[in-house]
Amino acid sequence: MTERASEVEAGKFRVAVVGSGPGGFYAAEALLRSDASVTVDMFERLPVPYGLVRFGVAPDHPKLKQVTIAFDRIARTPGFRFVGGVTIGDDVTVDELREAYDAVVLATGAELSRPLDVPGEALPGSHSAGDFVAWYNGHPEFADLKFDLEHEAAVIIGHGNVALDVARILAKSADELRQTDIARHALEVLAESRIRQIVIVGRGGPAQAKFTAKELRDFLELSACDTLVDDRGIGPDEFEPQISGDQELAEKLSLLRAFSRQTATRPRRCLFRFGLSPVAIKGHGRVETVALGSRSGAIEEIACGLSFGSIGRRTTPIAGVPYDAQRGVHANIDGRVTSGHSVIEGLYVCGWSKRGPSGTIGTNRGCGMATAEAVLADFAHQRTRSDAPDALLARIASRVARVVSYPDWMAIDTAEKRKGAPLGKPREKFVTVPDMIAAMGA
Amino acid sequence: MTYVVTDNCRGCRYTECVTVCPVECFHLDDAMTYIDPENCIDCGGCAPACPVGAIEPDYRLAADKKFWIDVNRKRAAETPVVSARLAPLPGADERRVALGR
Numbered sequence: 001m002t003e004r005a006s007e008v009e010a011g012k013f014r015v016a017v018v019g020s021g022p023g024g025f026y027a028a029e030a031l032l033r034s035d036a037s038v039t040v041d042m043f044e045r046l047p048v049p050y051g052l053v054r055f056g057v058a059p060d061h062p063k064l065k066q067v068t069i070a071f072d073r074i075a076r077t078p079g080f081r082f083v084g085g086v087t088i089g090d091d092v093t094v095d096e097l098r099e100a101y102d103a104v105v106l107a108t109g110a111e112l113s114r115p116l117d118v119p120g121e122a123l124p125g126s127h128s129a130g131d132f133v134a135w136y137n138g139h140p141e142f143a144d145l146k147f148d149l150e151h152e153a154a155v156i157i158g159h160g161n162v163a164l165d166v167a168r169i170l171a172k173s174a175d176e177l178r179q180t181d182i183a184r185h186a187l188e189v190l191a192e193s194r195i196r197q198i199v200i201v202g203r204g205g206p207a208q209a210k211f212t213a214k215e216l217r218d219f220l221e222l223s224a225c226d227t228l229v230d231d232r233g234i235g236p237d238e239f240e241p242q243i244s245g246d247q248e249l250a251e252k253l254s255l256l257r258a259f260s261r262q263t264a265t266r267p268r269r270c271l272f273r274f275g276l277s278p279v280a281i282k283g284h285g286r287v288e289t290v291a292l293g294s295r296s297g298a299i300e301e302i303a304c305g306l307s308f309g310s311i312g313r314r315t316t317p318i319a320g321v322p323y324d325a326q327r328g329v330h331a332n333i334d335g336r337v338t339s340g341h342s343v344i345e346g347l348y349v350c351g352w353s354k355r356g357p358s359g360t361i362g363t364n365r366g367c368g369m370a371t372a373e374a375v376l377a378d379f380a381h382q383r384t385r386s387d388a389p390d391a392l393l394a395r396i397a398s399r400v401a402r403v404v405s406y407p408d409w410m411a412i413d414t415a416e417k418r419k420g421a422p423l424g425k426p427r428e429k430f431v432t433v434p435d436m437i438a439a440m441g442a
Numbered sequence: 001m002t003y004v005v006t007d008n009c010r011g012c013r014y015t016e017c018v019t020v021c022p023v024e025c026f027h028l029d030d031a032m033t034y035i036d037p038e039n040c041i042d043c044g045g046c047a048p049a050c051p052v053g054a055i056e057p058d059y060r061l062a063a064d065k066k067f068w069i070d071v072n073r074k075r076a077a078e079t080p081v082v083s084a085r086l087a088p089l090p091g092a093d094e095r096r097v098a099l100g101r
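Going down the list, the protein sequences come from chains V and F. According to the working numbering, the stretch in the first sequence is residues 1 to 442, in order. According to the working numbering, the stretch in the second sequence is residues 1 to 101, in order.
Chain V with its partners taken away, still in its complex shape (with noise of 0.2 Å):
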C-alpha cells in the first residue's frame, strides 16, 4: 500500500470551505461523497447558512428555497463541521487556514455590486439592487438601510433577474408579501410605498436580455400591476427570435410582446425600456431624474425618487487571494487559486467567487464538484501542514463571541418558524446577530 493509500483510509484529509452558499455546500458536497476519506469545516462569517438562498432569492420564490433542504442533508453528512460566526481575514487569516488544512476552498460568493460609474450615484435616493434585496432578505449588514418609498417613480438599470426581482417586490402589494419570509421592516416600509411606476431599463434590445423567460413570468401574476413594454427606440422585428429552436428566447420575447400591446388599469405599472444606458444620476440632493442616452445618441431623463443599479456583482477580495480585477473573482485556474502563471497549492475557489455571477442555483453544483476533483486530484502530492485544525479552532473561539455550530443554527431555525407561524410565514428571520445568537439558548 503506497503512502497516500493510507492516509486515504486513515482519513487525513482535511478542507475548509469558505462560505455556506450553494457553492460551498457542493463543494463539500463532492468532496464528502468521494472515496477519499475527507473531512469538511465550513466556515461562514454569519450565524445562518445558506447564503444567497437566504439573502438573494426573492421572498416570492419559496420553491427554490427548498433546496436548503439538500443542503441540510450535506451537513447530516460524516464529517462535515459548520464553523459560522467566524470572518476570514478578521478571525483568522487565509493562511493559517492553508497551515491547519490540507485545502482551503473559497466559496465567498459575489457580494460587491458593480457600481454604474456615472455622476451622481452617491445621491440621496440611488441604491444599488444588491442592497435593496440584502434588506428586504434582511441581511444583518444592510437591515439598517433606509429605502424611501414616498416617490411616485423608481428607475431599475439593468436587465438581468436581479432587476426584475427588485421590481416585482416593488410592485407587489403588502398582501402579496406578508406570507412569505420576507423581513419584517421591509415589508412595513413596502407596506406603505406609494411606488406607482418602475421604470425597468437596459442597454440592449429584447433579444439581449439576461433575465429568463420564468422570472418575467411572474410579472403575468401581478394583483396590483400592469406590466408594460415601451417600444420606442426599438424595431419591431426586435420581438422576432433571429434563431429558431431557442424555446427559452422565444418565450422571453413573446411574453415582451404580449406586454408592449397591454394597456394599464392597475394601480402601478412596470415599464420595460430598451437601448438605453445611463449617462448621470441628476438631482438636487437627492435622485430627481435618471439620464439615459438612446442608441442615436440622444439623451432622454426620466424622472423618479428612486434608482437603482443592477449590472452585476463581484467578488469581495480577500487579504493574502490574488484577485482577478477584471473578472471580479479570485485569481483562479479551474478553480485553483492563481498568483501570476503559478497555483498556490492548497487553495482554490468555486462558485460565484470562481466564474462570476451567473446561473442558476444547480450551476454551483457542476463548479462545486469540479472543484473538487481539483482537490482531490491534488491530494496524490499532499502538502505538509505545520497546524491542526482543531488546534486553529479552539484558538478562534478564543477570538471570537462565539463560534456558531450547525445545532445552534437548527436552533435559530426552529425559532425562526415558530416567530413566523402565527403570522402564516414561513419564517419571521432574526435580522440582528445578537438575536439570532440570543436565539440558540432559547
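Careful, some of the hints might be misleading.
Taking lysine to aspartate or glutamate and the EDC-like style, the derived pairs with C-alpha atoms no more than 16 Å apart in a straight line are [to be verified]:
#1 V:Lys65 - F:Glu38
#2 V:Lys63 - F:Glu94
#3 V:Lys65 - F:Asp42
Sample of chain V residues lacking proximity to chain F, with all beta carbon distances greater than 12 Å (derived) [said to hold, decoys possible]:
#4 Lys63
#5 Ala291
#6 Pro389
#7 Ile437
#8 Met440
Please keep in mind that the hints were generated in silico from the structure rather than gathered at the bench. In this text the structure is predicted, and so the values were computed from the model without any measurement. Cβ atoms here follow ideal geometry from the backbone N, Cα and C, with glycine treated the same way.
Starting from the structure of chain V, add chain F where the hints point.
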C-alpha cells in the same frame, strides 16, 4: 410547475442534467432520465445543460409532448435516483448530431 425530460433524451441519456440538479430529482432507466416533479424546485438549471435540448418547463411543452409530464411523474416513482453523471448511451453523439444539436 416542474421541468420535464422529453423524447430527445431517449437513446442519448447524457446525464449532464444530473450534475447540475441541486436537489437530486433525476431518476433513470435504461433509456432516459426522468424528473421527479415532487422534488423539482423549478430552478431551471438542467434545461440549458442538456446537450440535446430534451428538458423543458411543463407549461412550455407543445400539445403533442404534454404526455411527458405524466411519464416523468410515473417513471420517477418507479426508478432509482441517479446522483452522479454517467457515460452517455452508446451512439449518443451520433444521435445528437442527427437531432441537429
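Exercise. If you draw a straight line from the CA of Lys65 of chain V to the CA of Glu38 of chain F, is it 16 Å or shorter?
Worked result: holds (14 Å)
Problem set entry | Least C-beta distance from Ala291 of chain V to chain F larger than 12 Å | Holds: least Cβ distance 35 Å, greater than 12 Å.
Exercise. Since Ile437 of chain V was said not to touch the interface, does its Cβ keep a gap of more than 12 Å from each Cβ of chain F?
Worked result: At roughly 29 Å from the nearest Cβ of chain F, Ile437 of chain V sits farther out than 12 Å, so the non-interface label holds.
Exercise. Per the stated criterion, does the least C-beta distance between Lys63 of chain V and chain F lie above 12 Å, as a non-interface residue requires?
Worked result: Check fails; 5 Å does not lie beyond 12 Å.
Problem set entry | Distance restraint between Lys63 of chain V and Glu94 of chain F, which requires alpha-carbon spacing of 16 Å or less | violated (37 Å)
For this session: Could you grab the alpha-carbon distance between Lys65 of chain V and Asp42 of chain F and see if it respects the 16 Å cut-off?
Result: It holds: about 10 Å lies between the C-alpha atoms, which stays within 16 Å.
Exercise. Is it correct that the beta-carbon of Met440 of chain V has no partner in chain F closer than or equal to 12 Å?
Worked result: holds (27 Å)
For this session: Report holds if the minimum CB distance from Pro389 of chain V to chain F is greater than 12 Å, and violated otherwise.
Result: Given a closest Cβ separation of 28 Å, the condition holds.
Hint compliance for this structure: hints 2 and 4 are not met, and every other hint is.
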